[in-house]
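Visitor: The chain contents come next:
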Amino acid sequence: MAHDTIVEDNIDVLVVGAGLGGTGAAFEARYWGQDKKIIIAEKANIDRSGAVAQGLYAINCYMGTRWGENNPEDHVRYARIDLMGMVREDLLFDMARHVDSAVHQFEEWGLPLMRNPKTGAYQREGRWQIMIHGESYKPIVAEAAKKSADKVYNRICVTHLLMDESKENRVAGAVGFNVRTGNYHVFKSKTVIVAAGGASMIFKPRSVGEGAGRVWYAPWSSGSAYGLLIQAGAKMTQMENRIVLARFKDGYGPVGAYFLHLKTYTQNGLGEEYESKWFPELQKMVGKEYLDPEASHRTHRPIPTCLRNHALINEVNAGRGPIHMVTMEAFQDPHLEEVGWENFLGMTVGQAVLWAATDVDPKNENPELTTSEPYVMGSHATGCGAWCSGPEDVSPPEYFWGYNRMTTVEGLFGAGDAVGGTPHAFSSGSFTEGRLAAKAACKYIDDGKAQGIRVSDKQIEDRKAEIFKPLEHYTVYRNEVVAGTVHPNILSPRQALDRLQKLMDEYCGGVTVSYMTNEKLLNIGMKKMKILEEDLDKLGAADLHELLRAWELKHRWLTSESVFQHTLFRKETRWPGYYYRGDVMKLDDENWHVLTVSRRDPKTGEYTMEKAPCYHLVGTDE
Amino acid sequence: MPTFVYMTRCDGCGYCVDICPSDIMHIDPTTRRAYNIEPSMCWECYSCVKACPHHAIDARGYADFAPLGHSVRVDRDEERGTIAWKIKFRDGREKEFLSPITTKPWGKHIPKLAEVSGPSKEMRDSQLLFNEPKYIRMDDGGLHTLESNGLKMKEGVYY
Numbered sequence: 001m002a003h004d005t006i007v008e009d010n011i012d013v014l015v016v017g018a019g020l021g022g023t024g025a026a027f028e029a030r031y032w033g034q035d036k037k038i039i040i041a042e043k044a045n046i047d048r049s050g051a052v053a054q055g056l057y058a059i060n061c062y063m064g065t066r067w068g069e070n071n072p073e074d075h076v077r078y079a080r081i082d083l084m085g086m087v088r089e090d091l092l093f094d095m096a097r098h099v100d101s102a103v104h105q106f107e108e109w110g111l112p113l114m115r116n117p118k119t120g121a122y123q124r125e126g127r128w129q130i131m132i133h134g135e136s137y138k139p140i141v142a143e144a145a146k147k148s149a150d151k152v153y154n155r156i157c158v159t160h161l162l163m164d165e166s167k168e169n170r171v172a173g174a175v176g177f178n179v180r181t182g183n184y185h186v187f188k189s190k191t192v193i194v195a196a197g198g199a200s201m202i203f204k205p206r207s208v209g210e211g212a213g214r215v216w217y218a219p220w221s222s223g224s225a226y227g228l229l230i231q232a233g234a235k236m237t238q239m240e241n242r243i244v245l246a247r248f249k250d251g252y253g254p255v256g257a258y259f260l261h262l263k264t265y266t267q268n269g270l271g272e273e274y275e276s277k278w279f280p281e282l283q284k285m286v287g288k289e290y291l292d293p294e295a296s297h298r299t300h301r302p303i304p305t306c307l308r309n310h311a312l313i314n315e316v317n318a319g320r321g322p323i324h325m326v327t328m329e330a331f332q333d334p335h336l337e338e339v340g341w342e343n344f345l346g347m348t349v350g351q352a353v354l355w356a357a358t359d360v361d362p363k364n365e366n367p368e369l370t371t372s373e374p375y376v377m378g379s380h381a382t383g384c385g386a387w388c389s390g391p392e393d394v395s396p397p398e399y400f401w402g403y404n405r406m407t408t409v410e411g412l413f414g415a416g417d418a419v420g421g422t423p424h425a426f427s428s429g430s431f432t433e434g435r436l437a438a439k440a441a442c443k444y445i446d447d448g449k450a451q452g453i454r455v456s457d458k459q460i461e462d463r464k465a466e467i468f469k470p471l472e473h474y475t476v477y478r479n480e481v482v483a484g485t486v487h488p489n490i491l492s493p494r495q496a497l498d499r500l501q502k503l504m505d506e507y508c509g510g511v512t513v514s515y516m517t518n519e520k521l522l523n524i525g526m527k528k529m530k531i532l533e534e535d536l537d538k539l540g541a542a543d544l545h546e547l548l549r550a551w552e553l554k555h556r557w558l559t560s561e562s563v564f565q566h567t568l569f570r571k572e573t574r575w576p577g578y579y580y581r582g583d584v585m586k587l588d589d590e591n592w593h594v595l596t597v598s599r600r601d602p603k604t605g606e607y608t609m610e611k612a613p614c615y616h617l618v619g620t621d622e
Numbered sequence: 623m624p625t626f627v628y629m630t631r632c633d634g635c636g637y638c639v640d641i642c643p644s645d646i647m648h649i650d651p652t653t654r655r656a657y658n659i660e661p662s663m664c665w666e667c668y669s670c671v672k673a674c675p676h677h678a679i680d681a682r683g684y685a686d687f688a689p690l691g692h693s694v695r696v697d698r699d700e701e702r703g704t705i706a707w708k709i710k711f712r713d714g715r716e717k718e719f720l721s722p723i724t725t726k727p728w729g730k731h732i733p734k735l736a737e738v739s740g741p742s743k744e745m746r747d748s749q750l751l752f753n754e755p756k757y758i759r760m761d762d763g764g765l766h767t768l769e770s771n772g773l774k775m776k777e778g779v780y781y
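Residue numbers (my numbering), protein chains in the order written: chain V, 1 to 622; chain Y, 623 to 781.
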């Protein structure tokens, strides 16, 4: 197979990955850089790519300052308590003060936002969520990005970033391949905004066989946000903070609208309320600052998501499962019943299919809930991602190095899952982060920071050989055996993924071990990870589709290694219900009220870990 | 529920191949029709089902937990701006739902930012984004800052 080299030169802003973060970046970049060259490289088709490909039934991050509902700092406090204190409050405040302007534009573009007939304000699902008819959310924002970009390259799997050879630690573009034509694509760019996705499928899923694709986060979220940034030597933060979701069993249908809008609630197999009885013990583990049911009851302060998971997991392990969502009361109201079904059809069709297949009508029976396998991402109720600069007017010195949302690599920016410490951004917040990164990237260029970038032909040719190696490896070795998938020198992407998932599950706190790990297990797991890395040299791809899977796998591996390193570093159990360090089963604010920051040396693969201070927003008189 | 394609309805047009976010709808070289090459990487997102002009694609719940005998069919109509769903349970019951997908003609109300008047220097030096501050509150209010909201950043364990 010939792989022509196609070079796109003189790009100003290259957007890698066009989900909500990337579309926001491309759209906004045109305003600040009306004469700039803006290019999008997207692994799939921009009209249906990213986590919102299938649609959404709610926008989960909307302040409503227009209706006097919340201020940005209210949202910061909410995200802070939900993540047990470990967030980047400068980035959160910044996202929250801008997010409403994105949502108001969405409405103008045609996204159907529901309105409360009494107040005229957007229909609230909860304090932060508004309800939408979002089947076409993605095509609508894609249209905005397409109007701004000079060109959208669909079906380009970006595998690596290019690095400047005249100045160390400065980005110079990206490379990848076209999954349809097999051509090699080189994007030479002054700035790159990585807006690729977080990581599903790095932990062994509960489902088997076909159902392995019924993951909570999209199967195409291959951790490329992290794989690309880690390979470039960008510092990462909070990568230990994986998320576990309590969802409807097997279909992983969302529960937000059910809890918040339909007012359904959970009970154990005996029909009892179970959460509160786990709280006294849990309070001893994490401290009253983080779990205070009385204060929560009084002030509507949320109980952190991980702690509610903890109660569910322990109740099931105590033999009082299954946990049921009590829908039979709410679903007697035909309007609420309709909302319940449309909620699934709008964003998780598979749950509707499953209930149809199993004759579950939530009007007549209460469906089961379960906790998922862990996921690594940075825009839902967790904040894995790159260590990025905040905005000048908010960030303390440790959090600021010149350009908003710029990683520790010059000219390399992040948005959405790529940015660490900013949970609860969701779709609208990710779009907003893309906008912020785009403005900063244009400023970086206008300030003359991207001058004199040099990329040698050698760098480009070396990457080309590396990218297509799995195809070549397969061709060279396949005839060594008669037929079949068992081969002494070829590992298929699926076989390697299975190995990664099993390893992560058993040593890094997956679902089959009830999210438990410890230092010994982590060290064994990391040894096995190194050996797996060696074997990834023998990845074989029979065709371009498998080559795509091979590179997704390499990004998942890089993500996983980072999760191991961070989990080992943080010697405490900060988020019971997300994972447990069995050797240190307590939250330890004295030593670990800090953000974890890592860097993988791109040349040696060695990790260095450090603690970064955790700043909180407080009143000026506190 | 991985997707599958009905032999007699598919004409091999490739719309599903073009749209699939997971790159798993491919054309079978023998029949020249589309099929799902990797069901375990299918998120049942329905992008291909909605894109198929012949309604040739359907989904069957994942074999490892979903019994047979159900269907969830969809008709997405861009011109009317609606999406219609029909759910058939295994026991034969049916439910139907209809929702809007847009309130405006496609793309007509999305601005082309190359053609709007560009930002002033003052705007560039501020923290504002396009359409701000107006679109934050749809009034004349400004952007929230630490100062305007009486806040500061403090290191350590403070809540």
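Hints are not guaranteed to be accurate.
Said to hold, decoys possible - Chain V stretches covered by chain Y per the calculated footprint, using a threshold of three residues with CB under 8 Å from any CB of chain Y:
1) 114 to 126
2) 456 to 469
To be verified - List time: in silico BS3-like cross-link candidates among lysine-lysine, alpha-carbon distance up to 27 Å:
3) 37/V with 743/Y
4) 277/V with 37/V
5) 717/Y with 147/V
6) 151/V with 730/Y
7) 571/V with 36/V
8) 37/V with 151/V
9) 37/V with 118/V
10) 730/Y with 36/V
Don't read these hints as lab results, they were simulated from the structure. Note that beta-carbon positions come from the ideal geometry of N, C-alpha and C, so glycine has one too.
Visitor: Which numbered conditions among the earlier hints are violated in the structure presented, ordered from lowest to highest?
Guide: 1, 2, 4, 5, 7 and 9
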